[in-house]
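Working from the sequences, and respecting the hints, build out all of it.
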Amino acid sequence: MAMATRNIPLIRTVEELEKARERFREKYYSVKRYISVCGGTGCRGGGCLAVAEEIKNVIKENGLENEVPVRLTGCHGFCERGPLVVVYPQKIFYQKVKPVHARKIVLRSTMQGEILEELLYEIPEERKKVVHEEDVPFYKHQMRLIFGMNGMIDPENIEDYIALGGYSALKKALFEMQPEQIIEEVKKSGLRGRGGAGFPTGRKWESVRRAKSRDGIKYVICNADEGDPGAFMDRSLIEGNPHSVLEGMIIGAFAIGAHQGYVYIRREYPLALKMITRAIQQAREYGFLGENILGSGFSFDIGINRGGGAFVCGESSALMASMEGKVGEPRPKYVHMSEKGLWERPTCLNNVETWANVPLIINKGADWYASIGTENSKGTKIFSLVGKVNNTGLIEVPMGITLRQVIYDIGGGIKGGRKFKAVQTGGPSGGVIPESLLDLPVDFDRLTEVGSMMGSGGMIVMDDRTCMVDVARYFVNFLTEESCGKCVPCREGVRRMKEIIDRIAEGKGKRGDIALLEELGSAIADGSLCGLGQSAPNPVLSSIKYFREEWEAHIKQKKCPAGVCKELITYSIDPEKCTGCMACIKPCPEQCITGERKKPHVLDASKCIKCGACFDVCRYDAVVRQ
Amino acid sequence: MATEGTLGGGQVCLCEKVEEILDRYNRDVSQLISILQDIQEDFRYLPKEALEKVSEALGVPMAQVYAVATFFKAFSLKPKGRHVIQVCMGTACHVRGAPLLLDKFERELGIKSGETSADLAYTLESVNCVGACALGPVVILNGELEGHCSQAKADSIIKKVKGQTS
Amino acid sequence: MEGASGKDITIYVNGKEVKTKDGAILLPILKELGIKVPTLCYLEGVSGAGACRLCVVEAKYKSWSRVVISCLYPVWDGVQIETDNERVHAVRRLVLETLLARCPNVPLIQRLASEYGIKKPRFKLENHECILCSLCVRVCAEVVGVYALSMQGRGAEKVCGTPYLGSESTCIGCGACVYVCPTECIKMEDKDGYRTIWHEEAGVKTSVRRFELKTCKACGAVIAPKYQLEYITKKTGLSPDYYDLCKTCKALQAKGLLVV
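These protein sequence lines map, in sequence, to chains A, B and C. Reading the first sequence from the start, the letters are residues 2 to 627 in the working numbering. Reading the second sequence from the start, the letters are residues 406 to 571 in the working numbering. Reading the third sequence from the start, the letters are residues -15 to 244 in the working numbering.
If you are wondering where the hints come from, they were derived from the structure by calculation, not from laboratory data. Incorrect hints may have been included.
[Said to hold, decoys possible] Computed beta-carbon distance windows for the label pairs:
1. A:Lys509 with C:Lys20: 37 to 43 Å
2. C:Glu70 with B:Ala526: 28 to 34 Å
3. C:Lys20 with A:Glu568: 45 to 51 Å
4. C:Asn69 with A:Arg512: 26 to 32 Å
5. B:Gly548 with A:Val15: 42 to 48 Å
6. B:Gly548 with C:Tyr(-4): 55 to 61 Å
7. C:Val192 with A:Arg512: 52 to 58 Å
8. A:Gly298 with B:Cys418: 45 to 51 Å
9. A:Gln558 with C:Arg71: 32 to 38 Å
10. C:Tyr(-4) with A:Lys509: 45 to 51 Å
11. C:Arg50 with A:Lys509: 33 to 39 Å
12. A:Glu66 with B:Ala526: 43 to 49 Å
13. A:Glu345 with C:Gly129: 15 to 21 Å
14. A:Ser573 with B:Cys418: 57 to 63 Å
Predicted, not measured: the structure shown is a model, and the values here were computed from it. By construction, the Cβ of each residue, glycine as well, lies at the ideal position given by its N, Cα and C atoms.
Following this line, the structure appears as structure tokens:
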């Protein structure tokens, strides 16, 4: 573990905190103009670092370092449109920014207030350009209580966080509240775990507080092993606002009576690991972690553990086993982790987003928090809206918003104008939701009622070109690989489900297969040791429930209506759409396509290996898969 | 086809490196995964001697260290290639064509997912969602993310690992 | 659930009232009642794994119900247990049918499966003998204290054995794993002064360990592997020549009827 560069914390009392806050606020607001460049993993993949570099160069060249700070922030959420740059104080929202735009962004837009039309977001149907971030439809319908700060702070600078009010909830908790009061407040708020299961957080805290430890030691853990494919909310929270998570953990530890905490973070998130490491370091330097925090008498520190690449380690008992140097196998939880968790001591494990909600609840009060959301699902939830939707990215919405609002008002509808087919929520533990249920409010219980679940927040939108058998196949394949292998129902049952679905997808399905899948699914759900196995049948059973005809088409007619399952489809070229551009001829690895310029091409299906290269490259939709 | 690797540089060098890594984590058994990951990064796999050293230093039975080394996807008991191509198999990437992309890599690199070329030049593997879903399909080459990986982009990656680019 | 208090409670098993203590484990209670519950990975005296899921029962209370494993379930006041309803049997059948598909030639699995009406699995047959119950691992680690074996890999690729499935391990050749293995896929052979222990599946041998056997200085009877005896004498502080004589000859020597 890295040592703090200062052994004496910078801030030792509440008075010092408020003085420092004033200083940092002044500094933050002294410069009205600043440029916020999204530095989330998504935008980095899109080249935002080069953009930030160029912006800094232009600023330096023109001697503007003291006038225009540049903040490389965490994820802004609108990943589809990255790299994103927001010019403050007007909050002019620029999207798809390239390094070549840096000069005008600095000199014309930031310094002179000019609005660069060509970089603005344009609402597709209305052909209208939007200037301010909050007017972009993607953001307009969101309620960014947790995520909103991402664009305004430099995650590597704790002073930004403090300037904007950070660690004030901690101050209130340590000096104006008793531990039991804090727990009551969290209970009253109705906060439920954001990692997937939705267990009432306050109740969990209460049971850990009440539990007896053999030597008085208790732990708090932040589960940052976000393993659901398609979900990256936790990653972006840690990358963009790590201190909000730390603050929540410190408050929770104080309420529970723990003096040691851990962040367990998956290895596939190197940037998030860097940010949380730095944040912990800075928190120690400034006095929010360590001995006698702010002079309260409460001591607490946080260590970091990396995952080794196992989805099952997102399960609390498996996570703790791997933290003890063992394989990540879960154990039966008849005795809860709150009684006997890490090293057999009472442990409170919560998800990243759950911890990040805590400072908000303490600052604004449980009543305010409970006024948002539905009766049993309070507050907001961050979702990753991905797949065949126009506006992919991270969104934060109040519980109770409908799926239709999310997909159409925020998501901008289906990409390419195609038809909506289903939305998958809850990752490998969840299920597909069809069009008929689009007006379902997003809420823990409502989603479970229809055969899916909230899960960690992944929302995968699917169109008519997505095969529902293939989706089920994808998930059982994933679960077969990720199953720890300890218990028979999951290890043997899930892979036998895969065996059957593989057969169906390859055109070898037989009568009774669907009934067999349903029979297996029910017993696997009942018999499995942990949540992975218990929820493994969900993607399959929900797909069968809502898209039975598609399954039957695969089994009875040996057809894949969506044109996906390789063994059941043939590639061909539609002579009416083909313009004879010859773009598909070279990429074909088997040279199945012949044709002359401006004449419709012909595909020899007997040689075709269905690799999809021609489909990928054709701009006229002339390659047909059915 | 995958091959057994040899450890160059001698045993002394390995011992020193492993000791350094153990110290880096204060010989804390709860940091076993991080310790093994650092060894994996340095040697491109987990040599037997390294596992034995870790077992001895941490007081953890070799059978347990070996179980951990084989349980997690991060670890490899056989050396990986100089180039590592990882195709993201997240759901969003899947619906955007990741499986066909993986097929292409397997076909043109002559190895299956999870394998390393005989000359240890490259390793192909699938990886769980890296959280860059808006950029799908995502391919990671030696830790660098390549978003919107089309078949054409895949071609240039293949050329690069085969040492065919300038 | 808060910590078990150990105080007197009443539970219901198949409708019958049973008095017991809060937090008591269910399986021993069921055994005492004479109820037959199948198990594969359970062994008294060794920590429970909860892996085979064969000992499942259904626990109910008002509108709540849950399928639980009796070998590790701590009972509480008022809980109603049903040991043989359709839901419970559906899970047991899943376990047995899939295990039979995995290990079609193992007599124990064939017998258990046929007790539940399963003769031919509806899945592709494989040729394993190990059911991955981890009894050998737990006995070796907890009872013998040598921890020579582990479950390796993940999911269906899981295998059981020594590191690298090779002959280097801390195994002392005691044979405890052979005794506890329910499917008898761990084999032991004492022949020509050597003991060999190995894991065998479909004719393939792995984790092979070979030990020179110690024989009695007086009568030549086989005592145990030399390595095992050295381990024991070192650990317990007995003198290295403690096992030079077999039990019988030692007794005779003690009575003064034997001179070595």
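Results for each hint:
no. : hint                                : in the structure
1   : A:Lys509 with C:Lys20: 37 to 43 Å   : 40 Å, holds
2   : C:Glu70 with B:Ala526: 28 to 34 Å   : 57 Å, violated
3   : C:Lys20 with A:Glu568: 45 to 51 Å   : 47 Å, holds
4   : C:Asn69 with A:Arg512: 26 to 32 Å   : 29 Å, holds
5   : B:Gly548 with A:Val15: 42 to 48 Å   : 44 Å, holds
6   : B:Gly548 with C:Tyr(-4): 55 to 61 Å : 59 Å, holds
7   : C:Val192 with A:Arg512: 52 to 58 Å  : 47 Å, violated
8   : A:Gly298 with B:Cys418: 45 to 51 Å  : 49 Å, holds
9   : A:Gln558 with C:Arg71: 32 to 38 Å   : 35 Å, holds
10  : C:Tyr(-4) with A:Lys509: 45 to 51 Å : 48 Å, holds
11  : C:Arg50 with A:Lys509: 33 to 39 Å   : 37 Å, holds
12  : A:Glu66 with B:Ala526: 43 to 49 Å   : 45 Å, holds
13  : A:Glu345 with C:Gly129: 15 to 21 Å  : 20 Å, holds
14  : A:Ser573 with B:Cys418: 57 to 63 Å  : 59 Å, holds
When held up to the earlier numbered hints, the structure conflicts with 2, 7 and fits the remainder.
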